[in-house]
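Enquirer: What follows is the residue order along each chain.
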Amino acid sequence: MDDDEHAHTLVDRARDGDDEAARELIRQLYPMVAKIVRGYRPRRAAEEDLTQMIFIKVFQNLAQYSGKVPISHWVSRIAVNTCRNQLMAEKARPELRHADLSEEQAAMLENLAASDEALSPDRKLAARDLVEKLLAMLKPVERLVIDMLYLQERSVAEIQKVTGWTAAAIKIRAFRARQKLRRQIGGLL
Amino acid sequence: MKNRDEILDRLFRAAIAPVPPKEMPFGFDTRVLALVRASSPNGSAIIALFAQRAAMIALAVIALASVGVYRASTSNDDLPAEYAMADNAIQSSLGE
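Chains as they are written, first to last, in this note's numbering: chain A, 423 to 611; chain B, 735 to 830.
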């Protein structure tokens, strides 16, 4: 029995009130949902609260799942929409200034600007922290697009499957996000 | 100095790190299922919903019946002349 077929069996059993099947479904889908929630980098709402909210919606609407698409796609779209609605009111942080960077981050950025040398492992940690700070300047949906495209290295087609957005919408969001990040980088150098 | 796009791409590449799959917190599944059950409509709510719908249907039937009765009562006043003549003839034949 392949994964999809197994998932469909679990969905059918969960619909009929089988708790064990519902638990198995949650266990299978949890890593994917947690990854989506983490990609949004929620500030006010805790990651776990958001994940819980998503699973509650999934089970409340399980009767509407037609089975035409894999359950993981259906759940991922609920996850994306829930995060989006929940974080809509979240404002992007104000501009990042050079003074906000640690010594390591400033040195690493100068290194990136001046040479082609690969970053040493200790500088990679500083790079991750700086990326987090930069992503905080973006809107939640832009954060998700940048996270999926560049940090998870997913293709536009894969992001389409997960989010249900059109390729054009993904590209426009990525373009706008990169524009903002370019401006930020310019201000830091 | 490199252009900003290039810096950004190198920064992203440097920031990529294999993120271990997040472990499901203990009791998460139990909590979710309990919350789903608590939020789903219970027996009395279903009965209340049914009663509400039944009341609305009953009101619609009453309204339709009232309209029907009203129309029937108004149309009785202008019976065609043949009916009136027939009625008269029956009355007089009964009188004899």
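If you are wondering where the hints come from, they were derived from the structure by calculation, not from laboratory data. For every residue, glycine included, the Cβ atom is placed at its ideal position computed from N, Cα and C. There may be inaccurate statements among the hints.
Partial pick of chain A residues on the chain B-facing surface, computed with a CB cut under 10 Å [as the list claims (entries may be wrong)]: (1) 478; (2) 480; (3) 547; (4) 551; (5) 593; (6) 605; (7) 611.
Distance condition first, Cα-Cα at most 27 Å in a straight line; then the derived DSSO-like pairs of lysine-lysine [what the hints assert, rightly or not]: (8) B:756 - A:555; (9) A:602 - A:457; (10) B:756 - A:457; (11) B:756 - A:561; (12) A:546 - B:756; (13) A:593 - A:583; (14) A:593 - A:457; (15) A:479 - B:756; (16) A:583 - B:756; (17) A:555 - A:602.
Enquirer: So which of the earlier hints does this model not fit?
Expert: 5
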